[in-house]
Every structure is written in C-alpha cells, then in structure tokens.
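Spelled out from the first residue to the last, the chains are:
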Amino acid sequence: MKTLRSLALGLAVSTGLALVPAAGFAAGASDTDAERQARWTEIATSIFGDRKIEPTESLIKVDAPARAMDAALVPITLTMPEKDRIKGVHFIIDDNPSPYAAHFTFGPAADPGELKLRVRINNYTNVHAVAETTDGQLYEAAKFVKASGGCSAPMGMSDEEAMRGMGDMKMKFSGDAQSGKPVEATLMIRHPNFSGMQMNQVTRDYTPARYINKLTVSYGDANVFTMDGDISISSNPVINFAFVPKGSGPIKVAATDNQGGQWQHSFTAPSPSN
Amino acid sequence: MTGLLSRREAVFGGLCLCCLPTLGRAAAETFEMREVGPGIYVRCGPHEEASARNDDAIANIGFIVGRDGVLVTESGGSLADGAWLRAEIRKRTEKPIRHVVLTHVHPDHCFGAAAFAEDKPAFIGHHALRAALDARGDYYRQRLVDILGPEKAGSVVYPTQAVTDGAEIDLGDRTLRLTAHGTAHTNCDLSMIDTASGLLFPADLLFVNRVPSLDGSLLGWLREAERLKATGAARAVPGHGPASVDLAPALADLTRYLGLLRDETRKAIAEDVPIEKAVQTVAQSERDRWVLFDAYNGRNVTQAFKELEWE
Numbered sequence: 001m002k003t004l005r006s007l008a009l010g011l012a013v014s015t016g017l018a019l020v021p022a023a024g025f026a027a028g029a030s031d032t033d034a035e036r037q038a039r040w041t042e043i044a045t046s047i048f049g050d051r052k053i054e055p056t057e058s059l060i061k062v063d064a065p066a067r068a069m070d071a072a073l074v075p076i077t078l079t080m081p082e083k084d085r086i087k088g089v090h091f092i093i094d095d096n097p098s099p100y101a102a103h104f105t106f107g108p109a110a111d112p113g114e115l116k117l118r119v120r121i122n123n124y125t126n127v128h129a130v131a132e133t134t135d136g137q138l139y140e141a142a143k144f145v146k147a148s149g150g151c152s153a154p155m156g157m158s159d160e161e162a163m164r165g166m167g168d169m170k171m172k173f174s175g176d177a178q179s180g181k182p183v184e185a186t187l188m189i190r191h192p193n194f195s196g197m198q199m200n201q202v203t204r205d206y207t208p209a210r211y212i213n214k215l216t217v218s219y220g221d222a223n224v225f226t227m228d229g230d231i232s233i234s235s236n237p238v239i240n241f242a243f244v245p246k247g248s249g250p251i252k253v254a255a256t257d258n259q260g261g262q263w264q265h266s267f268t269a270p271s272p273s274n
Numbered sequence: 001m002t003g004l005l006s007r008r009e010a011v012f013g014g015l016c017l018c019c020l021p022t023l024g025r026a027a028a029e030t031f032e033m034r035e036v037g038p039g040i041y042v043r044c045g046p047h048e049e050a051s052a053r054n055d056d057a058i059a060n061i062g063f064i065v066g067r068d069g070v071l072v073t074e075s076g077g078s079l080a081d082g083a084w085l086r087a088e089i090r091k092r093t094e095k096p097i098r099h100v101v102l103t104h105v106h107p108d109h110c111f112g113a114a115a116f117a118e119d120k121p122a123f124i125g126h127h128a129l130r131a132a133l134d135a136r137g138d139y140y141r142q143r144l145v146d147i148l149g150p151e152k153a154g155s156v157v158y159p160t161q162a163v164t165d166g167a168e169i170d171l172g173d174r175t176l177r178l179t180a181h182g183t184a185h186t187n188c189d190l191s192m193i194d195t196a197s198g199l200l201f202p203a204d205l206l207f208v209n210r211v212p213s214l215d216g217s218l219l220g221w222l223r224e225a226e227r228l229k230a231t232g233a234a235r236a237v238p239g240h241g242p243a244s245v246d247l248a249p250a251l252a253d254l255t256r257y258l259g260l261l262r263d264e265t266r267k268a269i270a271e272d273v274p275i276e277k278a279v280q281t282v283a284q285s286e287r288d289r290w291v292l293f294d295a296y297n298g299r300n301v302t303q304a305f306k307e308l309e310w311e
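Those protein sequences? They're chains A and B, same order as listed. Numbered per UniProt numbering, the first sequence finishes at 274, counting up by one with no gaps. Numbered per UniProt numbering, the second sequence finishes at 311, counting up by one with no gaps.
Chain A on its own, in the form it takes in the complex:
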C-alpha cells in the first residue's frame, strides 16, 4: 500500500504539467481499446500484483454518467448484489493522474450492498470497480466515462474559502431502523480535498495536495467500513453507505488527511425500536 501511494502521488505531481495535451503521458479521448486495456493491466498489476482478476456481471456493478456534467463531481454508484460475499471494494479511474481513487474495506456492521461516492475525472476514461470477496478472490467491472479537467479545474474561488469549516461533518439517515434491517446513511465531510493540480491564487504555484486519506466509520464497537482515499475524491466528500444497527450506536466517524489533519464526530444513529 505504501509504495502504491507514493507511486500515485509521483504521477500526480508530474502530470500537473501534462495538462497540455501535447505531453506524452496525457491519455486522450482517441485512445484505442487496446491502449486502454494495456493501461488497466499496468495499473491493476501495480495495485494487485499478479493476483488474478475475473470479470463479473453479478458481483459488482458500476453506475456513472456516460458524460459527466461536472468533471469535478461525478457521482458513482457501486452495487454489490451478493453482499454477504463482499469484503472490500477498490475504485480506480484509469486515466486520472492518480488512478487509485479509493479502497473500501467493510466491517461486521456494514451492509455492503451499495456504495456511492463523488469523484473527479480528468479525462475520457474507463473506471474500474474491483470487488474483493471474503474468500480472497477479485472481480472487476468497468464503465467508460467522458469527462475532462476534473482534477485540475479550479474548485472554489480561493483556497481559504475552500478550507473554511474543514472537518465539519453531517450525517443523514433514511428509513426506520428495525433490528437486523440495514439503514442507509449519507456522510458529508467539509474538506477541500485539494488534488495538487489546482493553481494557488496567491503563490502562483500549485496548491499542495491535501486530501482525506483515511476514513473510519463504526457503529457502537463494530466497524462499518474503512476507506483509504486519494486526490480523485471530490471536494467536500459525500459517501452513501448502509449499516446494520445491532445494539446501540452511536455512529462514529474518524477522518485523517495526508497533512496530519484529524477529525472525529459522533452521530446519534437510529437504533432498532422493537
């Protein structure tokens, strides 16, 4: 994991310059399927080594708009119908400067049937979701998304404005809690998630990457999920997930960012009333 992270960030820095389409690295709308497949193979190897990844149509599905309306906020839905078999999910945006967007690991309090997140997409690209099953197998699904400039697009008008309220959180629940039945939750976090590719207005330099790199959500003493995040997660991250309320809450969220920021919040979760 360590080496992959540094690899990812190295790419992020170098492609700050590769925004100019002429640059050799820049992937484009015109890439052939073979070129895209080669890129995916390379990325998959860097993340999973020589582990085999099977294509699947049943274990995981990716929903994303075919053409992003806002490249800096592309809503992604991951569906895992056979949820009892799912241990974790990896989400990769092949042509982003730092492709490995997020890795979710589910805990005993999770209901891993559906997960939603919002990401930045920098180019016409395949996005890959890789599900890891409880028996250690990997399964992949992909979707092609047309977007451009999501990582480098200036987000707010000033860094200061973007950092206001950093670490604030909100959580919304939907549906009534019943014992053993999953509850859907939406977690919102104030954080600029600077990609490292946005120009700082004062220094005329790139704002250093500052992103949530670890997020842990638990219900009572049981883990719901842990997310390792990267620069491809949109600013002010919003994550939809589900958990199974057993016993009493609260829901606890702990977030850290790559510059040492740490935040913890506790939310009163709906608990089974019967």
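By construction, these hints were calculated from the structure, which means they are not laboratory data. Being a predicted model, the structure only gives us computed values, none of them experimental. Positions of the beta carbon are idealized from the N, C-alpha and C atoms, including for glycine. Check each hint, because a few of them may be wrong.
[Stated by the list, open to error] Taking lysine to any residue and the SDA-like style, the derived pairs with C-alpha atoms no more than 20 Å apart in a straight line are:
no., chain 1, residue 1, chain 2, residue 2
1, A, Lys146, A, Thr32
2, A, Lys143, B, Glu276
3, A, Lys172, A, Lys146
4, A, Lys170, B, Glu307
5, A, Lys170, B, Pro38
6, A, Lys181, A, Val244
[To be verified] One-sided excerpt, in silico: chain B residues whose CB lies under 10 Å from chain A:
no., residue
7, Met33
8, Glu88
9, Arg92
10, Asn187
11, Leu292
12, Ala295
13, Asn297
14, Gln303
15, Trp310
For this one, chain A is given, so just place chain B on it according to the hints.
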C-alpha cells in the same frame, strides 16, 4: 410537443435574429454593432459554446462613447474578438479608449482585454476579480489555446482598478455608476448603469434566452437580482441574449428559473433524492424555455445541490 418546439424556434429566430449562428463563416466577420442608446453600441453573441469557428465571440460586448473618451463595456471572448471590437470602435470614433470593464472572470467576457493593451486604458474589475483570475486565468487560457490556437486566444489581463462596493466613471457628458455584487453568477460580478441613458449593464447577472450558468451562489444570485430590480432601470443590455431588453420581464424569467432550481433542489435533498437523479429531474419544466438547457442545467443542479445540501 410541437408547440414546445415552435416556442424554442421562436427563441432562436424571433426574439434575437442577431444571435442566429452564422453557418460556415467566421462569426466575427458577420457580426454587427447596434446602437442601442445614444453613443452606446452592442454586438450580441450567438448562443453557442466557444469554438474555433466563433472565436469565443459568444457574449454581448460593446462600448460607450462619451465626450472625453470611450468605455468598453465588455472586452470580448478572445484576443481575436477584442481586436474585432477595437476595430469597430475605430470605425466610429477616434476618441481615446480610456476604460475597459472586466465584468467577471469568465473567458467569454474578459479574454478580449489584451486587444486594448496599446490604448493603456484603466482595466476595471470587481475587487475579487484579481484573485479569481489568479485561480482560473491560466486554466481558461489553456482551454482557449486548445480551441482557438495561441495567436487568437489572448492572455490574462488583470484589473488596474478594483471596485469595492461602488464606483463612478465620468466620461465628461455621462457618468457610469458601477456596483460590485456579492457572490452570484460568479464571485466577482460587476454591473453598471449609464446615467445619461438610464441603461443598465448587468453583464452575466442577466441571461436572456440562453440558459443561465451558475458558478457562484444560487441564493446570492437571487439576492443580487433583487438589487438589479431595485435600480429601477427600464432597459438593460444582458450578458447573453438580445442587444437590449426590458429589464422587468427579463429578470422575471431569470428569477423564475433560478427560483425553481432552488426550490426543486431543496426538495430533492429533503426527500433523499440522490444528486445523480436530481440532475435529471430538477427544473426540467424550464427545458423548452432556454437555449443550451441540456448543456448547463445538470451542472447548475450540481452546483445548487452542493450549495444547498449543507443548509
């Protein structure tokens, strides 16, 4: 459905003939300046996206001739567009070009400014424009270079005079009163009223026929629209749309759309409608009232959702 379609055709063909796309020709060559008030000239841009064919000459740009000199109300969308505007000014007056107003950070409004460098005018902008250009200028320039090529794109020009709250510019026989607005269409919107004619220049705080694009604050824009109304001006030169319009009905159209965007986005958030659904459903009843609706409404909903979900 036929009725709706003909409505859309009416928007294209009936209300704004000068905004028809000029097929097969470089757009800037076929544009013309219209005198919309005494000494006030406006070129209205077509409802298109920036392209190699239109030189990003898509906004309403123009100038005002006063006793002592010329004020450029909007500079154009590229160096090429700005140079065209400068040539149009020189066809009509030899007076010095003393002021170039940069109404906000968007490239279709401020990338013509470089064409006026030799005139050494005062470049006038909102106090937040410099920071906004710092954050986005290079990015916009690169995108324009990609579309138009480096010769036509132009460079980032910074304001030399920043307006905080309000300012006045005296052209000798007429005065322009400027207002720096709170975050609305963008965070650096500047409007202007000409005391001689009473004509309001709201720039992109007022879109007519072309769907408004939200890049600042939805609630802020609705507030600033009230301030425009409170000026009491009868006529206005919108940032996009006909060369001049009656202000009240144009503002009513704008605020109807923005109000609906606010109300339906709030409703979606309250009902746990996810953002990916909201972009497809919110404000759809406005679809046949605006040109380029499908290109911008989803993004506007995304912006609105981001702003309102923290309420």
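Against the structure, the hints:
1. For the hint pairing Lys146 of chain A with Thr32 of chain A, the CA-to-CA distance comes to about 14 Å; that is within 20 Å, so the pair holds.
2. For the given pair, Lys143 of chain A sits about 16 Å from Glu276 of chain B by alpha-carbon distance, which is consistent with the 20 Å threshold.
3. Of the pairs offered as hints, the one joining Lys172 of chain A and Lys146 of chain A is violated, with about 31 Å between alpha carbons and a cut-off of 20 Å exceeded.
4. Taken as a hint, the Lys170 of chain A and Glu307 of chain B pair is honoured in the structure, with Cα atoms around 14 Å apart against an allowance of 20 Å.
5. Using a Cα cut-off of 20 Å, the hinted pair Lys170 of chain A and Pro38 of chain B is violated, with the two alpha carbons roughly 55 Å apart.
6. In summary, the hint linking Lys181 of chain A to Val244 of chain A is supported, as the alpha carbons are separated by about 6 Å, within the 20 Å threshold.
7. With a cut of 10 Å, the hint placing Met33 of chain B at the interface with chain A is violated, because the nearest CB-to-CB distance is about 33 Å.
8. A least Cβ separation of about 32 Å between Glu88 of chain B and chain A goes past the 10 Å threshold, and the interface hint is therefore violated.
9. A distance limit of 10 Å between C-beta atoms decides the matter here; for Arg92 of chain B the minimum to chain A is near 37 Å, and the interface restraint is violated.
10. The interface hint given for Asn187 of chain B holds, since its Cβ lies 5 Å from the closest Cβ of chain A, which is under the 10 Å cut-off.
11. Proximity of Leu292 of chain B to chain A is violated relative to the hint, the smallest CB-CB distance being about 13 Å (cut-off 10 Å).
12. With 10 Å as the threshold, the beta carbon of Ala295 of chain B comes within range of chain A, its nearest partner Cβ sitting at about 9 Å, so the hint holds.
13. Satisfaction of the interface hint for Asn297 of chain B is found here, the shortest Cβ-Cβ separation to chain A being roughly 9 Å, below the 10 Å cut-off.
14. Hint on Gln303 of chain B holds. Least Cβ distance to chain A is approximately 8 Å, under the 10 Å limit.
15. Proximity of Trp310 of chain B to chain A holds as hinted, the smallest CB-CB distance being about 7 Å (cut-off 10 Å).
Violated hints for the displayed structure, listed by number in ascending order: 3, 5, 7, 8, 9, 11.
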